[in-house]
Amino acid sequence: MMAVAADVPGAFERLVEAYEPRVKAAVARSINDRSSVEDLSQEIFLRLYRARQRYRPTARFETFLYRVIFNACVNFTQYMARRRALSLDRALDDDERGNALEPADPGMARPLENIEEQERAVMVRAAIDTLPEAQRRALLLSRYEGLGYEAIGQIMGLSLQAVKSLLWRARDNVRKALIPKLGEGPDA
Amino acid sequence: MPDHERIGDGPVLSEAQEQQLLAYLDDRLSPDERSGVDAWLARDADLRRLLDEHRRTWELLGELPVPDEASPGAGFRENTVQRAHREERLRQRGARRRAMGVLAAAALVMALVLVLRDRPEPWARLTPEERHIVQNLELLENFDLLQQFETELDLAADVEALQAFEGELTETLR
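Chains as they are written, first to last, in the numbering used here: chain X, 20 to 207; chain V, 57 to 230.
These are calculated hints, taken from the structure and not from any lab test. Don't take every hint at face value.
[Claimed, not checked] Here are some of the chain X residues that sit facing chain V, going by a computed Cβ distance under 10 Å: (1) Ala45; (2) Arg102; (3) Leu158.
[To be verified] Dumping the calculated EDC-like pairs for lysine to aspartate or glutamate here, alpha-carbon to alpha-carbon at most 20 Å: (4) X:Lys200 to X:Glu136; (5) X:Lys195 to V:Asp102; (6) X:Lys195 to V:Glu74; (7) X:Lys195 to V:Glu89; (8) X:Lys195 to X:Asp148; (9) X:Lys200 to V:Glu74; (10) X:Lys200 to V:Glu119; (11) X:Lys200 to X:Glu135; (12) X:Lys200 to X:Glu164; (13) X:Lys195 to V:Glu186; (14) X:Lys200 to X:Glu138; (15) X:Lys195 to V:Glu222; (16) X:Lys200 to X:Glu169; (17) X:Lys195 to V:Glu208; (18) X:Lys200 to V:Asp108; (19) X:Lys200 to X:Asp148.
Idealized CB from N, CA, C, for every residue including glycine.
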């Protein structure tokens, strides 16, 4: 990032190449709209590029990067929620006029080779998606991005205690959602 | 004795206990703290079950496949870099235009200051007659009004003279 900030030729290209899979994975997990992952990921890299002059290496680059991802995803989710609310109003109006509602976006439920694996992935995904927004984001940062409590606190603007509390509640809620559905596991 | 209450589907823990267990699961405790939790687990079956379920859940979360969208897309890098550079060019062009605008405005102000500074005072450019007119401008502007006022003053003098004459005449007739 320092090379990007110094406008070293080819530095931004190398940064995109190095972080593309990670950014896209984080975005795909964070938003439930597959068609927007590419665009939002590109927007995140553009935000990084625009912010390059202001970047100060006070924290790890990953923390800075995930903060940009986090903000972009939160904004996107809020924007989509507003749009959904508007389109739902419109759909209800259409419905009142006798038109059928459009089918929902299939989202993340993509076919996996193994049926059991697929069912489990859908179940896990559903358990994560039913979490309150802050718990869900904290859990995603912890489990899938491998970030520590301090980094999550910096990204989400929370104290260490608040992060720990949020993470415990997120994990406990997922446990409560998943364990009854799994039944007797091999080690249960 | 358990170190917590038992309600519903599991032990009810204090916030401090929850955070301690979280740190235990994430292997973030010091050896001493870890031994403390191990001793707690050894005497509490509910807690052991709770932590087992947490471990299973954590593993399940890890089984969630990496989304397909995470794989590098064809042209993603090139498109992103091109967009960034295009934006940068536009930004620089905009900044140049703004700078040119500011410079032009500054130049205009400077030119005006220079022109006005070298011009003589308007008073110095007048002839003596013109100065006389300017000095009496107020008088000239209100000429009609003043003239009417003067006429009224003359009439008043006439009325006074007539009244005096009338008085004298009355005296004479007596």
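To see whether the hints hold, each was checked on the structure:
Of the supplied interface hints, the one on Ala45 of chain X holds, with its beta-carbon coming within about 8 Å of a beta-carbon of chain V, less than 10 Å. Interface hint at Arg102 of chain X: violated, since its Cβ lies 20 Å from the closest Cβ of chain V, which is beyond the 10 Å cut-off. Hint status for Leu158 of chain X: holds, given a least beta-carbon distance of 8 Å to chain V, under 10 Å. At roughly 14 Å between alpha-carbon atoms, Lys200 of chain X and Glu136 of chain X fall within 20 Å of each other, so this suggested pair holds.
Simply put, Lys195 of chain X and Asp102 of chain V have alpha-carbon atoms about 15 Å apart, close enough for the 20 Å limit, and the pair holds. A C-alpha spacing of about 15 Å is found between Lys195 of chain X and Glu74 of chain V, which places the hinted pair at or below 20 Å, so the restraint holds. Distance hint between Lys195 of chain X and Glu89 of chain V is unfulfilled; the C-alpha atoms sit about 27 Å from each other, more than 20 Å. Proximity of Lys195 of chain X to Asp148 of chain X is assessed by CA-CA distance (about 14 Å); at most 20 Å being required, the pair is judged to hold.
With a C-alpha separation of about 24 Å, the suggested pair Lys200 of chain X and Glu74 of chain V falls outside the 20 Å cut-off, and the hint is violated. The suggested pairing of Lys200 of chain X with Glu119 of chain V holds, with an alpha-carbon distance near 16 Å, which does not exceed 20 Å. As the CA atoms of Lys200 of chain X and Glu135 of chain X are separated by approximately 13 Å, the hinted pair is consistent with the 20 Å bound. Restraint check for Lys200 of chain X and Glu164 of chain X: not satisfied, since their Cα atoms lie roughly 26 Å apart, outside the 20 Å limit.
With a C-alpha separation of about 100 Å, the suggested pair Lys195 of chain X and Glu186 of chain V falls outside the 20 Å cut-off, and the hint is violated. With a C-alpha separation of about 11 Å, the suggested pair Lys200 of chain X and Glu138 of chain X falls inside the 20 Å cut-off, and the hint holds. Straight-line distance between C-alpha atoms of Lys195 of chain X and Glu222 of chain V comes to about 125 Å, which puts the hinted pair past the 20 Å bound. For the hint linking Lys200 of chain X to Glu169 of chain X, the alpha-carbon distance of about 33 Å lies beyond 20 Å, and the restraint is violated.
Proximity of Lys195 of chain X to Glu208 of chain V is assessed by CA-CA distance (about 108 Å); at most 20 Å being required, the pair is judged violated. The suggested pairing of Lys200 of chain X with Asp108 of chain V holds, with an alpha-carbon distance near 16 Å, which does not exceed 20 Å. Restraint check for Lys200 of chain X and Asp148 of chain X: satisfied, since their Cα atoms lie roughly 16 Å apart, inside the 20 Å limit.
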